[in-house]
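J.: The primary structure of each chain is shown beneath.
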Amino acid sequence: MSAPRTAGSRTIARTLPPPDATRPRTRPPRRRRGPRRASGARWFTPWLYLLAPLALLVTFTWLPVADMVSYSFTDWDGLSPTSNWVGLANYTDLFTRPQLFQVFWVSLFYLAASAVQICAALYFATVLSFDTRLRNLFKGILFFPYLINGVAVGFVFLYFFQPGGTLDTVLHWFGAGPHLWLGNPHLVNTSLAGVSVWRFTGLNMVLFLGAIQSIPPELHEAAALDGASRWQQFRHVIAPSIRPIITLSVILAVSGSLSVFEIPFIMTGGSNNSETFVIQTIKLAFNFNKTGLASAAAVVLLLIVLLVTWLQRVLFPDERVERS
Amino acid sequence: MRRTALAATGAVLVLTLAACAGSGSGSGGSSSGTVPVPTDPSKVTGTITVLTNRTDQVQDGTTKRYAAEFAKVYPHVTVKFQGLTDYEGDVKIRMNSKNYGDVLSIPNSVPLKEYPTFFAPLGTAADLSKTYDFTDHATVGGKVYGIANIGTANGFVYNKAVWKQAGVTTWPATPQQFLDDLKAIRARTGATPYYTNYHDGWPMTNWGNALGSPSCDPAANDKLADTKEPWAPGQDLNVVDSLLFDIVHGKLSESDPDTTNWENSKALIGTGKVATMWLGSWAVVQMQDAAKKAGRNPDDIGFMPFPVQKDGHFCSVVRPDYQYAVNVHSKNKAAARAWIDWFVNKSGDAQAALSISSVKGSPLPADLKPFQDSGARFIHLTNDKTALVDEIDKASEIGINNQDYPQHIVDVARGAAGGDKDSVFKDLDAKWSQAQGTLG
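From first to last, the protein sequence lines stand for chains A and B.
The C-terminal residue of the first sequence carries number 324 in full-length UniProt numbering, and the numbering is unbroken.
The C-terminal residue of the second sequence carries number 440 in full-length UniProt numbering, and the numbering is unbroken.
Extracted from the complex, chain A is given alone in its bound form:
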């Protein structure tokens, strides 16, 4: 749904067996030169390599998160050099105001949209994994929206949804009446979720495509020889093989739906019934100077996302797919 935060760790690439595994080796393995050094002297070598990424990770992720957690126990206003320790007061405040959690209803729209998005991505990935004409062009076209800056996407769709804008014009050719896509409170979240689908389908598709392409071609050939239809190939060969990636996408989709931000913030600013939890948090922190309360809200969101992910893992454990 939203941009992945763990970009590095998401593609679980399945490596093919090395092509020369069955052939006899042409060269003998090289022998180590010189005596083996004491292993103690080099224990830090891997850490040296890790230094740069770890420094970045600590500076830009863990430190801010730690700060955020510590702010959540204070009444800091985001500006004052002093702040008071208020213990759990922010959390009590948060949980005694149920209206603050009502905004999660909006997330349901985005959750439904993620389902659509994952199905669409699976469909396109499967179709494009077969020998389709112009497949690379279509891959490019489908992936392109993800490359566009989220702010630009927001502005493009503002014009798209304007009364008398592109969407209304196109619908008019088919005789459908104009709608207030962003102005109608019952339609606004659907419109925004639609933008989200447009933007992130390509990313999901590329992930699925990568996983599909790492399925050994023998399986496809065998299935084809057995007379399996395209649907059967998808159902019994492709889907089980890329299951870990699908699970991962679902987890990202759920946590993304809970923390939608960019698109509604740019397009409506959270007005007109489209406010999400993150937008609400930002408003608390920056409009009402309640940084402490907003930090608590962010911590709660983090915990909710962790909880949902954990539940998902418990309910749908990731079975190892045995392939021989």
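Worth flagging that the hints you see were computed from the coordinates, not collected in a lab.
Fair warning: there could be bad hints in the mix.
One-sided excerpt, in silico: chain A residues whose CB lies under 7 Å from chain B [claimed, not checked]:
#, residue
1, Gln162
2, Pro163
3, Gly164
4, Thr166
5, Pro178
6, His179
7, Leu180
8, Leu182
9, Gly269
10, Ser271
11, Asn272
12, Phe288
13, Asn289
In the DMTMM-like style, the derived pairs of lysine to aspartate or glutamate whose C-alpha atoms are separated by at most 25 Å in a straight line are [stated by the list, open to error]:
#, chain 1, residue 1, chain 2, residue 2
14, A, Lys283, B, Glu397
15, B, Lys394, B, Asp226
16, B, Lys369, B, Asp217
17, B, Lys223, B, Asp422
18, B, Lys431, B, Glu391
19, B, Lys394, B, Asp422
20, B, Lys310, B, Asp226
21, A, Lys283, B, Asp90
22, B, Lys273, B, Asp289
23, B, Lys394, A, Asp67
24, B, Lys273, B, Asp299
25, B, Lys98, A, Asp77
26, A, Lys283, B, Glu391
27, B, Lys80, B, Glu69
28, B, Lys394, A, Asp77
29, B, Lys43, B, Asp136
30, B, Lys113, A, Asp75
31, B, Lys421, A, Glu275
32, B, Lys98, A, Asp75
33, A, Lys283, B, Asp390
34, B, Lys98, A, Asp67
35, A, Lys283, B, Glu69
Here are the simulated distance ranges between beta carbons [as the list claims (entries may be wrong)]:
#, chain 1, residue 1, chain 2, residue 2, range
36, A, Val116, B, Asn264, 26 to 36 Å
37, B, Thr62, A, Leu311, 24 to 34 Å
38, A, Arg135, B, Asn261, 21 to 31 Å
Just so we're clear, the structure is a prediction, and the values are computed from it rather than from any experiment.
Don't be surprised by glycine CBs; every beta carbon is placed ideally from N, CA and C.
With chain A fixed as given, assemble chain B onto it according to the hints.
T.: Relative to chain A, chain B alone:
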């Protein structure tokens, strides 16, 4: 291996946390003495950085011209400008460090009581209030921390030609008359009678500035501190918000508020596609420019007061624009102070923008001439309890000067959110009095 990794990262975390805590408590304002305007310009030296929200002036070279003129008086001072597009957001974050320029406009989000923490006092209230208007907006403990360059009157920017075409030539004197006039515009012209600028939001924040206009009471803002129900019938906020509600409820505004566009709105009113917008007097120049660019007569753009008369007079509240302050951590406070003094008194910036100069005794700009002729009163709100009112406002999460508050009224008025006018006002009243209770 895993254990050492955890231990190492844990250690790093603890260290960095400790570092944070150390830096967090150390900073703070020193209550240094006031910074007077230097008496001998030739002795003032240094380089100062001015933070400004006027990126347009930085780009078109206006700031450079000012700096050059300033250098004629203060030959040993170099002035540099930093134009910030998201001024409020950027400066607020920078104020957590010591590096927020030498001269800056005070962001709206800084509460009055914290001015002494961040800014150097520029003089005593008794002294400066003789020369400048609005000093009470930045006075803490008898000292003034910021001086405004301009003040803006509030009112409706309107297209005279469109209003005339609808048969309206006199300013409406009651909200009902105003609504009737808008209806006439809708019936007799093709124009949208009123444009909310709902999507951009910030132009809507001006609705909160109408406070004081209906009652013509300079203490309107201070009274909020003790008023339990500021949205009860007859109260200023009730009158103001009712007008906004009725405009939108009567379908006298644009059809889709969610796709309004501020830049575009200038051209819309300039060409007469939109008749009216509630803004400050600062907007008149921009709308006239837009009219000129569109090949229309810039004189079509006019400015009218809030449609309520008190004892036969219209009242318009004049509020200060950004106030200029000196960073308390600045190394060149004298030069910074000299710049503020020169900019407000000598630069001619206020006159160029057709704004009300904050220097007492300055003539009113041309676009407010009709106000003067009609006998409209300009009132300056008193600021005895501003800090408390701010606190209540923040605690209640209403945000009288935030965009969400008028936006919600628009939402309810057009049926996009639940409730009606009474329930909205009741809800606001409840939040307000509850916040008053907690701060009590």
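J.: If a hint holds in the structure, say so; if it doesn't, say that too.
T.: Checked hints:
no. : hint                               : verdict
1   : Gln162                             : 4 Å, holds
2   : Pro163                             : 5 Å, holds
3   : Gly164                             : 9 Å, violated
4   : Thr166                             : 12 Å, violated
5   : Pro178                             : 10 Å, violated
6   : His179                             : 10 Å, violated
7   : Leu180                             : 5 Å, holds
8   : Leu182                             : 4 Å, holds
9   : Gly269                             : 6 Å, holds
10  : Ser271                             : 5 Å, holds
11  : Asn272                             : 6 Å, holds
12  : Phe288                             : 5 Å, holds
13  : Asn289                             : 5 Å, holds
14  : Lys283/A with Glu397/B             : 9 Å, holds
15  : Lys394/B with Asp226/B             : 16 Å, holds
16  : Lys369/B with Asp217/B             : 22 Å, holds
17  : Lys223/B with Asp422/B             : 22 Å, holds
18  : Lys431/B with Glu391/B             : 13 Å, holds
19  : Lys394/B with Asp422/B             : 23 Å, holds
20  : Lys310/B with Asp226/B             : 23 Å, holds
21  : Lys283/A with Asp90/B              : 16 Å, holds
22  : Lys273/B with Asp289/B             : 16 Å, holds
23  : Lys394/B with Asp67/A              : 23 Å, holds
24  : Lys273/B with Asp299/B             : 16 Å, holds
25  : Lys98/B with Asp77/A               : 17 Å, holds
26  : Lys283/A with Glu391/B             : 16 Å, holds
27  : Lys80/B with Glu69/B               : 13 Å, holds
28  : Lys394/B with Asp77/A              : 10 Å, holds
29  : Lys43/B with Asp136/B              : 31 Å, violated
30  : Lys113/B with Asp75/A              : 16 Å, holds
31  : Lys421/B with Glu275/A             : 21 Å, holds
32  : Lys98/B with Asp75/A               : 22 Å, holds
33  : Lys283/A with Asp390/B             : 16 Å, holds
34  : Lys98/B with Asp67/A               : 20 Å, holds
35  : Lys283/A with Glu69/B              : 42 Å, violated
36  : Val116/A with Asn264/B: 26 to 36 Å : 33 Å, holds
37  : Thr62/B with Leu311/A: 24 to 34 Å  : 59 Å, violated
38  : Arg135/A with Asn261/B: 21 to 31 Å : 40 Å, violated
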